[in-house]
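**Q** Sequence:
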Amino acid sequence: MDPTVWLDLAAAALAAEDPAEADEMVASTLTAVTRADLAVHVQLSNTDPKWMTRTAVGDSLPDRPETWPDAPMIRRHPLNAFYAATGETRVTALRDVERLGWRMDDEGRQLVRRLGLPPEQVSMVVGDDPSAFDGWVLLASDPFTEAELDELERVRLLLTGLAKHCRLLRQALAVAQGGPVLTPRERVILCLIAQGRTVEGIAARLAISPRTVHKHQEHLYRKLGAADRLSAVLSAQRFGLLPSL
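If you count the sequence shown from 1, you need to add 59 to reach my numbering.
Calculated from the structure, these hints are not laboratory results. Honestly, I wouldn't trust all of these hints.
[Stated by the list, open to error] DEER-style ranges, computed between Cβ atoms: (1) Ser268 / Glu205: 24 to 34 Å; (2) Gly160 / Arg281: 43 to 53 Å; (3) Thr63 / Thr204: 16 to 26 Å; (4) Leu73 / His273: 38 to 48 Å; (5) Glu157 / Leu293: 35 to 45 Å.
[What the hints assert, rightly or not] As a list, the in silico DSS-like pairs of lysine-lysine whose alpha-carbon atoms are at most 30 Å apart: (6) Lys223 / Lys109; (7) Lys223 / Lys282; (8) Lys274 / Lys109; (9) Lys109 / Lys282.
In this text, all values refer to a predicted model and were calculated from it rather than measured experimentally. Glycine residues also receive a C-beta, built at the ideal position from the N, C-alpha and C atoms.
Turn these sequences into a full structure, and let the hints steer you where they fit.
**A** Structure follows, in structure tokens:
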């Protein structure tokens, strides 16, 4: 495969001012250079089991995104279960993990048929947090060749770097738009607040005292210009610190 394809992708993605545009460039390249009919960038959260983001490009897109698999179903997917159980990061085909015993449940198989999704799947991890999947899932009508899997593994570190660039760009854009800079602990507590967790529940989850949670909450309210939990969540959504629901 012509290596200039990946160099051109890197140059274009790094020059993009919108991280969503860069994601679409990666997806378009993945579908162009492999047999994939569909490329989906999936990101899960290590604090909110129901949160996910998804960017998809391809000829096999289901008509209604609301009918696509949700975060709990993605977490049960054999590829995600395989990565979570083994800590593996290599490009992996669904057929290979199914041979090892990780199989799709009945609900997943029915959803694939109902949406008319291609049956062959390959996953590529591009995140740096093993506790929350961040990667590309490629779907195709015909099995991926070993040569294609090897090529994807060779460029995985490049795509991992582009994914990190996009994450940092999103954070920079939020700050540039007037968004506050939160500490890692404040970000975790903000996510838990958005889930509706109580102070006591957050304290138990993070193994800290309720008093410490209250202190972090006060700092969050001040930084977000909020008076209560709801206004804090809404403010965070406006700044791009939380997904808009």
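**Q** Compare the structure with the hints numbered earlier in the document and write down the numbers of the violated ones, lowest to highest.
**A** Going through the list in order, the structure violates hint 1 alone and respects the others.
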